[in-house]
Amino acid sequence: MVGRIRGKEFRGPTLVTQAALRALSEASRVSTSHSPQEFVLEQSVFGDLLVKTRPTAILLANGVRRVIDAVRMGADQGSNVPALQETVSKTVDSFLVEIKQSVDKIGEIGARRLRSGDTVLCYGYSTSVLSIVQKAQELGKNLRVIVSESRPELEGRLMAQELLKLNVPTTMIIDSAVSYFIKDVDRVLTGADAVSANGAVINKIGTATVAAIAHLSRVNVFVAASVYKFSPETILGERIEIEELDHSLVISRELMTHFKGMEIRNPAFDVTPPDHIDLIVTERGVIPPQGAIMILRQHETGLLGTGLADW
Amino acid sequence: MSSVTLPLEIKQITKDIKEMRIRGAGKLARSAVRALMVMCEESSATNVDDFLGDIRIVSRALLETRPTAVSLPNGIRYVMHRVNIAQQKTDDLELVRLAGINAAEEFIANSKTAIERIGQIGARRIKDGDVLMTHCNSSAAIAVIKTAWETGKRIHVYVTETRPRFQGRITAGILLKLGIPVTMIVDDAARYFMKDIDKVVVGADAITANGAIVNKIGTSMIALAAKESSVRTFVAAETFKFSPETMIGEAVAIEERRNDELISESELRELPKLEIKNPSFDVTPPEYIDLIITEKGIIPPQGAILVLQEIMGAITPEELEEYKTFTLAEED
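Line by line, the protein sequences give chains A and B.
Take the first sequence: its letter number 267 is residue 267 in our numbering, and every next letter is one higher.
Take the second sequence: its letter number 42 is residue 42 in our numbering, and every next letter is one higher.
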């Protein structure tokens, strides 16, 4: 499972988190730990491993943190292994339900910000963005969507497939063509892998360029992000790590033999500054990016939890 | 009209251009001008009017070969502009003929050395230790980078892969062969790395009268990211890339290429309703460009109009009809 998550079989942080948390729950179910302490250690190690496969996916980190906190608290209160297994399963299930509910709520709130006949540019794959578009369709808003393919992993194709399933007229372009078409666009919609304390959004590489050109062209940029994407560590001055993906995604290994000595850089994400974002749609409502700190503070007990220092 | 049958060499050139055996903006323009020169030399006309008729037949035949090039009509225009000036001044056929031949020779010589001169001029603007970024595959931009490297400037070049046809790989291959350190990135990562960059150096497919650059799709976003990060953007382009039609308000039309460059035919069959848009070029506004390096020297983008007037003369809508360039298209 770790391999499949790392192998980017799952697109978009929500799908990744759902798969990873199910894996954590499964690992707990089949655990052969003899003592609560051993179980806590086992779950922490596996949880840590899952988080490290996708260090930028804050939703995953927040989900795993929730589970580990619950297990630790249970162990401290004297629960035995079967009771702790139950705790994991319940915590995972409730987190997954919350994710589902937050995606639905984001869809509902975000759809209100779209006007009938809007042309929307989508960048990268995002479950929350799909939810917004779906809701807007249900409200009869007749959107048109331009999807940028999203090199190097081409998540845009998966996005286009899902949009076509919703019967939304969809146009596919290469990422470099975004500025060419920006004047036809009314709104840019993207998801987020992480939102930092200052309201900067970490998302698929290229998002920052799209937001910059949209901002310059006076096209609104909406980011759809659950409050669980907000990164509490950034309050403490931590920077969000940006992974570099496999170089063969840029040039295949065979082809690379013709480019001896060439360096390849392949960052998975970039940082969009808050000034290029008009608003963030969360399940708690629409906030300006500068309001990220408010979400993080509101959430302090839930999100920061007890174990922040351990992460 | 004195001769109906065109000289053999002209027929051959026309055929080779049409069948894409002659490729690349520079060669295309030089071959067309060469054909005009042959006509100037071999026309059996006995007066200036017949002579003009003869070369017009050739220029029309050439213009019809490849309706998408900028350089080819510019080459023809360069010669015709000078022939027209000559025939206004004199009725002497031999003088007009000579003006045509001279203009053609001048154009060919200038075009042949243009890249080298752009390299020399542009390299002076590159500093030792500079980190450069380039997009697509431009011989003029490569000339600047190559000359800078050969004059001992220790540079490092970030090359964007350039979707959908990956011309960045050709550029990377050329630079690596010269021994220049190269880093390849996806186009989307241009802004991510912009803070590490000192100068962006790109080519141009066409330059408009207001100094906007028509170049490979994605150029305008790289230039924007550069502007936003206070990184200079240099455009390297021969003067025959300047588009005279834009002086009279004509917009440069941009070709859209085949859908299967984005998604293979088989994958596309599974998404029957998906629309695909695949423009080859975009327009970078002059505000994002710091300077244009031509073989005649460095100009600010706003100086494009001066280059156009100097080379092509003032153009009238009637002349435009005659030397019309069509859609800007990428060569296969």
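Careful, some of the hints might be misleading.
Stated by the list, open to error - Straight-line alpha carbon distances no greater than 27 Å define the calculated DSS-like cross-link-like pairs of lysine-lysine that follow:
1) A/Lys165 with A/Lys100
2) A/Lys183 with A/Lys141
3) A/Lys260 with B/Lys153
4) B/Lys127 with A/Lys183
5) A/Lys141 with B/Lys153
6) B/Lys18 with B/Lys127
What the hints assert, rightly or not - Chain B is nowhere near these chain A residues, computed Cβ spacing over 10 Å in every case:
7) Glu26
8) Ser94
9) Asn142
10) Thr171
11) Ser176
12) Asn220
13) Ile240
14) Ile264
15) Asp270
Quick caveat, the hints were computed from the structure, so don't treat them as lab data.
Quick reminder that beta carbons are idealized off the backbone N, C-alpha and C, glycines included.
Results for each hint:
1. A/Lys165 with A/Lys100: Cα-Cα ~19 Å, so holds.
2. A/Lys183 with A/Lys141: This hinted pair holds, its Cα atoms lying about 20 Å apart.
3. A/Lys260 with B/Lys153: Cα-Cα ~22 Å, so holds.
4. B/Lys127 with A/Lys183: 37 Å, violated
5. A/Lys141 with B/Lys153: This hinted pair is violated, its Cα atoms lying about 57 Å apart.
6. B/Lys18 with B/Lys127: 42 Å, violated
7. Glu26: Fine: 32 Å to the nearest Cβ keeps A/Glu26 off the interface.
8. Ser94: At about 36 Å from chain B, A/Ser94 clears the 10 Å cut-off, so the statement holds.
9. Asn142: At roughly 15 Å from the nearest Cβ of chain B, A/Asn142 sits farther out than 10 Å, so the non-interface label holds.
10. Thr171: Check fails; 4 Å does not lie beyond 10 Å.
11. Ser176: A/Ser176 is in fact no farther than 10 Å from some Cβ atom of chain B, at 3 Å.
12. Asn220: 18 Å, holds
13. Ile240: 14 Å, holds
14. Ile264: Violated, because the least Cβ-Cβ distance between A/Ile264 and chain B comes to about 5 Å, which does not exceed 10 Å.
15. Asp270: 5 Å, violated
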